Amino acid sequence: MLSASLKNLSVNVKVALFIPCYIDQFYPQVGVSTLELLEKLGVTVEFPMNQTCCGQPMANAGYERFAKKCNDLFIDNFEGYEYIVCPSGSCVLHIKEHLKESADVGKGAKLTSRVFELCEFLTDQLHIDWLDARFPYKVGLHQSCHGQRGLHLSQSSEIVAPYFSKPEGLLKMVAGLQLVSLDRRDECCGFGGTFSVSEESVAVKMGKDRVADHVTHGAEVITATDMSCLMHLEGILRRQGSAVRVKHIAEILNASLA
Amino acid sequence: MTQREKILNAVRQNQPEMVPAPARPALRASTSTDMDLFKKTLAGIGGQTIDVQNVREVQRSIEENFKGRALSYLPASDLSLRDPDPRQYADLEVAVVPAVFGVAENGAVWITEKNLVHRAIPFICEHLAVVLRASDVLPTMHEAYERIGSDDYGFGVFIAGPSKTADIEQSLVLGAHGAKSFTLFILHESNQ
Amino acid sequence: MENQPTHAALAEKFNKDKARVDWHDQTLWLIRQKRDKAAAQIPEWEALRETASQIKRHALSQLSEYLVQFEEKATANGIIVHWVSDAESHNGIVLRLLKERDMDQLVKSKSMLTEECGLNHFLEKNGIGVVDSDLGERIVQLAGEPPSHIVLPCIHWKKEEIGALFHQYLGTPEGLADPQALTAAARKHLREKFLTRKAAMTGVNFAVAETGEFVVCTNEGNADMGAHLADLHIASMGIEKIIPRRADLGVFLRLLARSATGQPVTTYCSHFARPREGAEIHVIIVDNGRTVQLGRPDFRESLKCIRCGACFNTCPVYRRSGGHSYHTAIAGPIGSILAPNLDMKKYADLPFASTLCGSCSAVCPVKIDIHTQLYKWRQELTKEPDADKVKKAGVQAMASVLSHPAVYRITGKMGRNTLRFAPFMLKNKMNPWYKQREMPDPPKASFRDWYLKNRLPK
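Residue numbers (my numbering), protein chains in the order written: chain Y, 1231 to 1488; chain V, 6 to 197; chain U, 20 to 477.
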């Protein structure tokens, strides 16, 4: 059901943009798309200038206790904001579950409920049901695990319950976009942080299998809520010399004729 | 300190704070669709169903289909002649045993030692035939254990179809170490 | 001291045979799909999982009381109950029971606990002939290997290979690979064992405190063929197999086979309450590290496990590395949270053999938070004195960079510039990422640079 742009409803919504470290450094266009998309929807976006990282790389390596200063820095940068939005399911999940401050003053706990992954922010907070976007390609949606099973961005295939998917719901609002179906709807891509190098053979095998599933079903572009998954899949696709591209979901939702 | 004391002390020390037991799942009454589901499920797991009106039909069917050694609980056989050594029944072609009830959701029947000459009988025979009263099909395992209640059996078993394995490349093979086939006679008599 | 090969090294070997990895992965994925189909038949599936989880939580919180109750009831029914702290004592009791009765042959149905205790090897060394009667276990036994999956022991064997094995040991015709024919040959071969063995051993799927009975579930009927024909039936159980009431079996038996193989129930669910006339039943209650795990608040929920194997079948890493890559009796996700409790040095690699995708936790019929425990074990293992010092230094450096915004920015720029101007520094054989993947393209400017230029008010 079409409705007019929610510019008037989004008035006075101000968000702080939390940009994952690897997006800041290697995929800035994802940050740009996220910011532009939110602005198009009438949101005021600020970028705290001294942010670095959520701390996940240390924590997943078994050293969450070394991430405290990094977490303090996160809290300093973001505690003044009502909404913190991030184009990464795994970073948001990490903050929600593992934010550990140096001094246990409870600041972190107050903050975590205000951190949102992009798709869940658009769906659950802005309640958008219409997007001025166009992306006329066959797209495969990779359901990044931490966003899916951790943040419940979509119903995972193991659970006996009705299916829903916030990312898919948003992609369906994009004109010209054709979503392809896959054999394995939500199998992990194999990135897993340091796993991608410490267990290289399994990680790459998992990635190759994901790529093959998308390619077999005719995907021209693979998208996801997490750029880390896409970085891993893109590395494989480019080594294969494939014409299939990867695009973060923010880039697709922000795509227009212009 | 005995090992028993050592273990129990360690358990007592390490077990967490009391967590209450959850509420029991709700039970429901059997319906006519349970029999349909029961037959369908049993067929799906390699069992065969034959509807009969009386035990004579069962006996006739057994005699017609199995020419080898048979052991049956039915009145005609004399169970006092039983051999005390279960191994002596290794050459049984067919055993006929009564089921207490069946379970619709998984096609299983409940059999207890009371109705067996030896515990080994339903496993050692080449083919197994079971007789079940049509009114004794329960919906799920919850109702099954409600029915079993605190029955003081020495041995009881749920048997769901013939023995099977898929250990060789996931190819399903019926007839591993237990019975190779499973025939269920559903008795529609009003009294028996 | 020999170097323990890690999961990563063993998995790399496993992946060399591309066709075999695909076959292993696809076979197990098919079983996961069967599980999905079976679970979907039960509209109340998720509620059932929650109930099962709560029953187990409750049981663990009153474990000492339930163990004592089980012993009382079982003993009153004529079952003899033994308690053993560790694997050595367990194996010792089994040997003693056999020797006391002049028995030197044992037929055994599937018990991962006996695998954990290394029972077969111990008994063979002490002059006892052991025959594993489950078809899959018999195959790996003849091959001299441990099982690679707790429910499907020889999932990694192809039928031609099994045919060759049977030709060597059972005298089947060379080249015979038909599963039906091979199974028939195994039936004949094992039937002779059942009929001649006076001693049988089984595991325990569930032990009921209320009645003192225990339940053994099989598809093949091998546990029953062993137990009902033997004069001595020994059943080994971990302390965590206790459930409070007989009616609780209804919950677990609805979940077990559906989770394991997608069947509504195993062919046989045998309830042993009393020994039959003239025969004996001995139950051995085993600790072997379980009380320690019980005392770990973060990890005690792993003791809820009913050994269904669903986590193995769904795990994308297990499917592509095989059970032997975990170098422990119980492999897969559940094995990776149980094993470190036994030996934090030997099994330090296992919690890292995962992407923490969470699929295991989602299929677990008793809702063990497996992937959360994997994360938590990582935090514990890095505290051990022999934790990798190079890795620790690397992580400390990373933490330092990420705690200082200016340092982070400079380091990031340096990384991008290296890729831009000296790509060979990262695009080479030394970089594990680069072995089979391209590096990302390095942009000139970071997002922050863009924001400074395009948005920040001057």
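Please keep in mind that the hints were generated in silico from the structure rather than gathered at the bench. Since the structure is predicted, the reported quantities are computational estimates derived from the model, not experimental observations. Careful: at least some of the hints might be erroneous.
Stated by the list, open to error - With a straight-line cut-off of 30 Å between C-alpha atoms, the simulated DSSO-like cross-links for lysine-lysine are:
| # | chain 1 | residue 1 | chain 2 | residue 2 |
| --- | --- | --- | --- | --- |
| 1 | U | K410 | Y | K1298 |
| 2 | U | K432 | Y | K1326 |
| 3 | U | K217 | V | K185 |
| 4 | V | K185 | V | K119 |
| 5 | Y | K1326 | U | K454 |
| 6 | Y | K1438 | U | K92 |
| 7 | V | K44 | U | K53 |
| 8 | V | K11 | U | K92 |
Hints, verified against the model:
no.: 1; hint: U:K410 to Y:K1298; verdict: 18 Å, holds
no.: 2; hint: U:K432 to Y:K1326; verdict: 29 Å, holds
no.: 3; hint: U:K217 to V:K185; verdict: 24 Å, holds
no.: 4; hint: V:K185 to V:K119; verdict: 24 Å, holds
no.: 5; hint: Y:K1326 to U:K454; verdict: 34 Å, violated
no.: 6; hint: Y:K1438 to U:K92; verdict: 56 Å, violated
no.: 7; hint: V:K44 to U:K53; verdict: 20 Å, holds
no.: 8; hint: V:K11 to U:K92; verdict: 21 Å, holds
In this structure, the earlier hints numbered 5, 6 are contradicted, and the remaining ones agree with it.
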